[in-house]
Amino acid sequence: MSLYSLSRGGVTMNTSNDLVTVIAASNRKFKVVDMVFAGNAATSSSAAYCEIGLYLSTGGTTGGGALTPKKWESDEPAQGFTNFTTWSAQPSLSGDPYFRIGFQAYGGVFSKPIMPQRDLVFRNSEQLSLRPIAGTSVVSFTLVVDEV
1 MSLYSLSRGG VTMNTSNDLV TVIAASNRKF KVVDMVFAGN AATSSSAAYC
51 EIGLYLSTGG TTGGGALTPK KWESDEPAQG FTNFTTWSAQ PSLSGDPYFR
101 IGFQAYGGVF SKPIMPQRDL VFRNSEQLSL RPIAGTSVVS FTLVVDEV
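In this text, residue positions in the sequence shown follow the working numbering: the first is 1, and each later residue adds one.
Hints are computed from structural coordinates only; laboratory data are not their basis. Among the clues, some could well be false.
Said to hold, decoys possible - Lysine-lysine pairs mimicking DSBU-like chemistry, simulated, CA-CA at most 30 angstroms apart:
no.	residue 1	residue 2
1	Lys71	Lys29
2	Lys71	Lys31
3	Lys29	Lys112
Modelling step: build the complete structure from the supplied sequences, incorporating the hints.
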């Protein structure tokens, strides 16, 4: 078990673009074990509803803007998964999301540790896309994954 955090702050949501795409290594798997999303709208007048989906996705062309995963323990090995925050062509979403995460843009917070019996597991180059479903506000998030 190796825990890594992927964090991004002050991102303007766009329902056509992933906030981050995490791609499992071909010889490893990762599980989503925790996630936190917070609305960063500047005023209460911009307190729009925000919703983000966690999707299985495929494809995507020319990924870029990778986040640097933070190890929870300094002696953990280098992660095998990759991630991207930009694409020249976005990944295709595979059906409905696993989770729909809703919160208010002005100070709203969603925090949810995933229960062990409800782990989202991705393996063999499978992709997890975090993509806005509703809202175009500014958001910050942390996603914690366990790679085995």
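Status of each hint after checking the structure:
1. Lys71 - Lys29: 16 angstroms, holds
2. Lys71 - Lys31: Holds: lysine 71 and lysine 31 sit about 15 angstroms apart, inside 30 angstroms.
3. Lys29 - Lys112: 21 angstroms, holds
Going through the hint list in order, the structure satisfies each hint without exception.
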